[in-house]
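**Student:** So the chains spell out like this:
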Amino acid sequence: ETGVTQSPTHLIKTRGQQVTLRCSSQSGHNTVSWYQQALGQGPQFIFQYYREEENGRGNFPPRFSGLQFPNYSSELNVNALELDDSALYLCASSSYRDRVETQYFGPGTRLLVL
Amino acid sequence: AQTVTQSQPEMSVQEAETVTLSCTYDTSESDYYLFWYKQPPSRQMILVIRQEAYKQQNATENRFSVNFQKAAKSFSLKISDSQLGDAAMYFCAYRRGQGGADGLTFGKGTHLIIQP
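Chains E and Y supply the protein sequences, listed in that same order. So the first sequence is residues 1 to 114, counted in the numbering used here. So the second sequence is residues 1 to 116, counted in the numbering used here.
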């Protein structure tokens, strides 16, 4: 167990709806990253938050947005859901105090868009 | 842009034997880190081993070791004395060095099967 938790574990939405996924960081970690993992693929980087600010983003449209809170927990919001958004969403926490800044992952949220 | 390639979609090994998973990457950076993560059917991505590019010595963690060839941009994972619990998807990942907030770049993964 990494100490990173995510909720919910599964959810089903319909196209056009909005969804919020949640992540609690490992104790002592101040950075959160989010990834999308389509079936049979490696995870793809969505964005990273540090000190409540987005400080890095992958190739995802603006309808993917996030928040980080003072306790370093985080949310991923996706608006106007599309069928291709169906995937496993992984949250990872890390610390800038660690030179390597190793990322530790949560168990993920499986999202199905119908 | 950095890319990570895992050329073996699936590997099979007998329990107690040794298996090597391949990974190559492409980058123009000199400061970076490489990782192997394991993802069992439970889905949670678990760190197996990490390597800092500036270190010439190959990383080892118990039964897991890497062969890091910086000039060849190769980073293979060797699992010795394979156990049934090693069965999982294995992902190779790259991250730019300090100051880069562009996350991990993953390969497509290798499915490791352990034959009892």
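Check before you lean on any hint, since a few could be wrong.
[Unchecked claim] Pair by pair, the computed Cβ-Cβ distance ranges are:
| id | chain 1 | residue 1 | chain 2 | residue 2 | range |
| --- | --- | --- | --- | --- | --- |
| 1 | Y | Gln-69 | E | Ala-80 | 25 to 31 Å |
| 2 | E | Asp-84 | Y | Gln-69 | 24 to 30 Å |
| 3 | Y | Glu-15 | E | Gln-18 | 32 to 38 Å |
| 4 | Y | Asn-62 | E | Gln-18 | 18 to 24 Å |
| 5 | E | Asn-79 | Y | Pro-116 | 29 to 35 Å |
| 6 | Y | Gly-85 | E | Gly-16 | 40 to 46 Å |
| 7 | E | Arg-51 | Y | Lys-70 | 30 to 36 Å |
| 8 | Y | Pro-40 | E | Ile-12 | 38 to 44 Å |
| 9 | E | Arg-15 | Y | Gln-14 | 44 to 50 Å |
| 10 | E | Asn-71 | Y | Asn-58 | 34 to 40 Å |
| 11 | E | Ile-12 | Y | Ile-113 | 41 to 47 Å |
No lab work stands behind these hints, which were simulated from the structure alone. In this text, all values refer to a predicted model and were calculated from it rather than measured experimentally. Using N, Cα and C, we set each Cβ at its ideal position, and we do this for glycine too.
**Student:** Is the distance from the Cβ of Gly-85(Y) to the Cβ of Gly-16(E) consistent with 40 to 46 Å?
**Tutor:** With a Cβ separation near 42 Å, Gly-85(Y) and Gly-16(E) satisfy 40 to 46 Å, so the hint holds.
**Student:** Just to be sure I understand the hint, the distance between the Cβ atoms of Arg-51(E) and Lys-70(Y) should be within 30 to 36 Å; is that true here?
**Tutor:** This hint holds: roughly 33 Å between Cβ atoms.
**Student:** Can you let me know if the beta-carbon spacing of Gln-69(Y) and Ala-80(E) is within 25 to 31 Å?
**Tutor:** violated (45 Å)
**Student:** For Asn-71(E) and Asn-58(Y), compare the CB-CB distance with the range 34 to 40 Å and indicate the outcome.
**Tutor:** For Asn-58(Y) against Asn-71(E), whose Cβ atoms are near 38 Å apart, the range 34 to 40 Å holds.
**Student:** For the hint 29 to 35 Å, verify it against the beta carbon of Asn-79(E) and that of Pro-116(Y).
**Tutor:** With a Cβ separation near 48 Å, Asn-79(E) and Pro-116(Y) fall outside 29 to 35 Å, so the hint is violated.
**Student:** Within 44 to 50 Å: is that where the Cβ-Cβ distance between Arg-15(E) and Gln-14(Y) falls?
**Tutor:** About 47 Å separates the Cβ atoms of Arg-15(E) and Gln-14(Y), which means 44 to 50 Å holds.
**Student:** Holds or violated: 41 to 47 Å for the Cβ distance of Ile-12(E) and Ile-113(Y)?
**Tutor:** Since the Cβ atoms of Ile-12(E) and Ile-113(Y) sit about 31 Å apart, the hinted range of 41 to 47 Å is violated.
**Student:** Note whether the CB distance of Asn-62(Y) and Gln-18(E) lies within 18 to 24 Å or breaks it.
**Tutor:** violated (45 Å)
**Student:** How does the Cβ-Cβ distance of Pro-40(Y) and Ile-12(E) compare with 38 to 44 Å: does it lie in that range?
**Tutor:** Given range 38 to 44 Å: violated, Cβ gap about 24 Å.
**Student:** Could you tell me whether the CB distance from Glu-15(Y) to Gln-18(E) stays inside 32 to 38 Å?
**Tutor:** Taking Cβ atoms as reference, Glu-15(Y) and Gln-18(E) lie about 47 Å apart, which means the hint is violated.
**Student:** Quick check: does the Cβ-Cβ distance between Asp-84(E) and Gln-69(Y) fall within 24 to 30 Å?
**Tutor:** With a Cβ separation near 37 Å, Asp-84(E) and Gln-69(Y) fall outside 24 to 30 Å, so the hint is violated.
Violated hints, listed in ascending order, are 1, 2, 3, 4, 5, 8, 11; each of the other numbered hints is respected by the structure.
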